[in-house]
Structure formats: C-alpha cells, structure tokens
Amino acid sequence: MAAPLGLHLEFGGGAELLFDGVKNHHVTLPDQSNPWDMKQLLAWIRGNMLKERPELFMQGDTVRPGILVLINDADWELMGELDYQLQDKDNVVFISTLHGG
Amino acid sequence: MCQVEEDYNGLECNQEKIPVSGLNRKCMKCKEGTAVLIIRVSDAFCRSCFKEYFIHKFRAMLGKNRVIFPQEKVLLAVSGGAASCTMLSQVQEGLSRDAPKKLRFMPGIVYIDDGGACGRSEDERQTSISQLKNIFTQTGFPYFIVPLEKVFSLPTSVLVPGTSDPDPSNPCYKQAVDKYLKEKQKLREEEAVCAVAQLNLEDSAYLPEHKLALQRLFSSLKTLSAKQEMLQTLRQHLILHVARENSYSKVMMGESCSRLAVKLLSNIALGRGAALASDTGFSDPRFGDVVIVRPMRDYSSKEITFYNRMFHVPSVFIPGLDTKSHDKASIQRLTESFVTNLQADFPSTVSTIYRTSEKLHTVRPPQSQSTEPEPASKCLLCLCALDTTADKASAFHATLISEQLSQLRLQEGSVDLVAGSSDQCCVEDQTCGTSGCCSSKRTPVQQDLKTLLCYSCRLTVKDMAAVNTLPPYILTEAEKRQRRSQMKVEISEYLLEEDQD
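Protein chains in written order, with the working numbering: chain Y, 1 to 101; chain R, 1 to 501.
Treat the hints with care, as some may be off.
Unchecked claim - If you only want the chain R side, here are some residues facing chain Y, beta carbon under 10 Å, derived: (1) Ala35; (2) Ala82; (3) Ser258; (4) Ile304; (5) Ser348.
Stated by the list, open to error - Straight line, CA to CA, 25 Å or less: simulated SDA-like cross-link-like pairs of lysine to any residue: (6) Lys328(R) <-> Gln59(Y); (7) Lys23(Y) <-> Ile135(R); (8) Lys31(R) <-> Gln59(Y); (9) Lys57(R) <-> Val291(R).
Hints in this document: simulated from the structure, not taken from any laboratory. No experiment lies behind these values; they were computed from the predicted model shown. A virtual CB, placed ideally from N, CA and C, is assigned to each residue, including glycine.
Just need the whole structure built from these sequences, with the hints factored in.
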C-alpha cells in the first residue's frame, strides 16, 4: 500500500459549484503508511480541493446529509461508508440532492 | 393501527447502525445480484431489480390514481433537475413500451427559465437552455421554453380558476381560450400572426424592459423566503397559462417525496397550512380546468439520483435562488436542512412526514359548495380557497388587530417622514415609466391587495417594499375584484340575502 493512489472524483447535482464548477477531477493521493480510507479522503478534499464554503459540503468529518456518495457506482452505505479502504483507480462520486445544489 | 407501534419499536432498536454485512451483500429481491444501493433501512437492491422496481413504481402511481385518461394532453413541467428529468424519462419509457399496459397520453414539455429572477447572466441562461433543448428534442415531444419575464405579458384570466365541468357555470376563461385558439388558427391561415399582447410561446425572447421589471420585482422582496414563494407562484401562473393556451388538461410536476416532506413543513411555517392538501397531494385541482399531478411523489431523492446515475438520464444543473446560500437563509432552506439532518439519523423521517401529507384533505368551505365558484373566494395569487374568513375569536384576527394598532402609532409618528419622502416616491415612479403608477395610489393598492389574498400570500406581499412592481395582470385583476366587491357593498341593501335559513 505504499504506492500513491490515483482516484477519479466526480461532483454533481450542484456540488461541483464548490469546486470551481469542475465536475471531474483526477487526483493522486500522496504516500502514507496506513491505507487511505474515506474519512481521510474527505479530510484531504477539504484541505486541498474545496474552494469555498466547506460547511456546504462537509458536516463534522463526514459529508453533509443530502449529499450522496457512490464508490465505483455503488452506494457507499454498502461499502462501509467512512471506513471504506480506497483502492487504486477507484471512482468516487458526490451528488447533491439538496435544492439549489 | 398496531403497525404504528411496531414501527416505533423498530425505530428504537434498529436505530443503531444495522450491521452492514460486508461488501458483497446480495439483492434482497432476487437474492442473486450484488447489491448496489440501499433504499430503505435494510433493503439492498441490485441494478436490474432496482430498475424494475423504479419503473413499476411510476406506472403503479399513475394506475392507482387513474386521473390521466388516454389521449389526454399532459404537460410535463421540467426544471432540468434530477427529479423532473427522471419523470420525463419515465414517461418516455412508458410510451415506448409495446406491452398492453402502455401509457397512452400525449405529453408536452414546459421549462420556465427563471434565470432573470436568480441573477444569472444571459450567456449562462442560453447555455442551460441549449443543453435542455438537446434533451427535449431527443424525446420528440413538443416543448415550450418560457422565460419568467413573460409574466409581464400574462392576461388577467390566469388568475381566474377554470371549471372542469362539462356544463360550467363560469366558462369565461375556457370560452376565451377556445376562441383565442380558433382565432389563432384563422390568423395562421391568413398568415397574419401579429401578436396582440398575447404570449407568443414559440418565441423564447423577452423584452429588455420586462427583464428590468422582473429584477425590480425581486429586489423589492426583502427576504429570501418571500422571493422563493413569489418565484413559485409566478412560475405556476406561467405553466398554467402555457397549459391552457395549448389545451393541456394535466400538468405533471416532478416533486419527490423528499422534496414534498420539506415543502409540507416549510409551508406550515409559511402560513400555508390551509392549502397543504393541494400543495402536496397527488393531484391538485385548484385551477379547475388544469389539474396538477405529482407522479414522482413516491420516490426519495436518493432513488432518483441513483437511477439517473445508473441509467444515464440526462439532467442539467441550473443554479437557483437558494444556491450556495447558508442553512438559515430562508424558511424553506432551514426546513430542508432540518429534514435532511434528521433523515440522516432517523431514516423514516421523510416517509413519516410524507405519509401525513397523503391523509390531508381540504374541508370545502360552505360558500364554494354553492352553485358558482366565485373567483373572489380564492386567493388572488395562489388560487387556493381563502383562509381569512375565520371568526373573530381566532389567532388570525388577534394578529390583524395588533397589526392595526401598531400601524396607528406608526402613522402618528411618521407624518413628517411621509411628507418628506413624497418627492422621492415620485422620482422612483418616473423611472418605472411603463406601468404608469403614481405614488398617491401606492399605499391603497397594498392594503386593497391584502384583502384578496390568503394568509400566507399576505405575508409574502408584506415583505415587498413596493407592491406596484408586481406584474400588471395581478394588479389589474386586483383592481377589478376590488371594484366589484365595492360595488357589491354599495348595492348590498337592494340584494336579497342568500343564506337565510
């Protein structure tokens, strides 16, 4: 697990507005001793990608209720949510279902 | 009844995270496919079962309610968002089927471009419109793209409820529309289509002065709550007009149950309690001749989003009034964050609220049961039955009285102020030009308008700095109703009392 992780992140339903309006992002997560999980990914997104208003995307250390998360096109509730261990080339999608994005 | 208790028991003990059995959970329906999403607390579905379930639900909704007849013209109100685009794709799906259960109505699409009210630039609006046009043309259905600016050229007849009766006692509007349609056809034959203050719907262009008027209207509304309410009202009027003019008798709205749950609670907070049943029910008969139906009200927004994603339903994200606003920006926004936050910890929140909405019915006030559906008994803006006829010992009257008292004091204290500011008013009026309103008329209009509105619409209008920024069709109709009721008072002593027992 030492190699850097390449991920495809996608934002939709208005969530992209918080990321300069860009929907698709290819990111590479830096090396770290422990494997990356979703909780760390979210913290990383908050620190490195979010352009504005973090409270509209995050709530505590998870995503704001009303934003759906899909990992490789499946509900993250099936994958263990924050505890899911990310693999190389995973596809993570965030879609806002809130009114006005 | 005992089910209720069961549910509560279930809530208490199942609340603490149902153990998720690993990554390879199976579909609860076919027990074979790998589950891809969890719909309710423990129901995991695989891709193909989910599709089947989703499509079945739409058809079941229409089948169960039986309000849409074969060959009926149905207008789909599409905003570009996930829910209404899914509705569009479901209608397409239902119509394309070879099965005997094929849907048989004739759909059309309407999109109201509210970019002018939300402060979007011309380029942004055009980009969204061209994206939507792509989606619409692919369906092959006729479509109407109407900018919100068109409210400034609506006729007053929009505010008059029609009748669905074959023998209507108040057929003015229908006759007018029929006549108009016939005339329009004739005109077309003669190839002299000169629009006489009528909406030309094929043309999505609008006048620049209307754009300014719309901006004035929305900047005159002081709170975001009121802006959202006004936008909703005006959009509904436009949709209604498009439907009537093109003889659509049903309008489909794509509100999901998540959205309706929020709407239910925020409408109570906005003082629309009396109109809840028609605001959130499956079918909404308030306009009489055009019935609004909400076939998506059984889907949660999660189901819709997943369906869109999995089966590539195209949708266009269009920022609205409340985009990027914080949680406490408006009543609607606050309620939404309240419901979604609660839903995260208590997954039956939305469904509980939504089931409540199913049980609501409006008690018909006695006057509307009588022969003629008088327009005066309906709210000028939302066309719901007026809820302001409550008796004197009500909270509503108490509020009114305290309002009157506080206004009295204000007037005494601000005589100088009014005198001083009158010049300013005149200047303002000169700039608004076309509407031709004068400052002496302003205050009476606001007070007069109030008597024609339901409790909630009164609150919205109260949040307006200048009532004369309202589109002319509303002001003209208000004046007309005002005159009529005045006349009624004047001649009242010569009339025979109707309701003598």
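A quick look at each hint next to the structure:
no.	hint	in the structure
1	Ala35	holds, 6 Å
2	Ala82	holds, 7 Å
3	Ser258	holds, 7 Å
4	Ile304	holds, 8 Å
5	Ser348	violated, 15 Å
6	Lys328(R) <-> Gln59(Y)	holds, 15 Å
7	Lys23(Y) <-> Ile135(R)	holds, 19 Å
8	Lys31(R) <-> Gln59(Y)	violated, 35 Å
9	Lys57(R) <-> Val291(R)	holds, 21 Å
Going through the hint list in order, the structure does not satisfy hints 5, 8.
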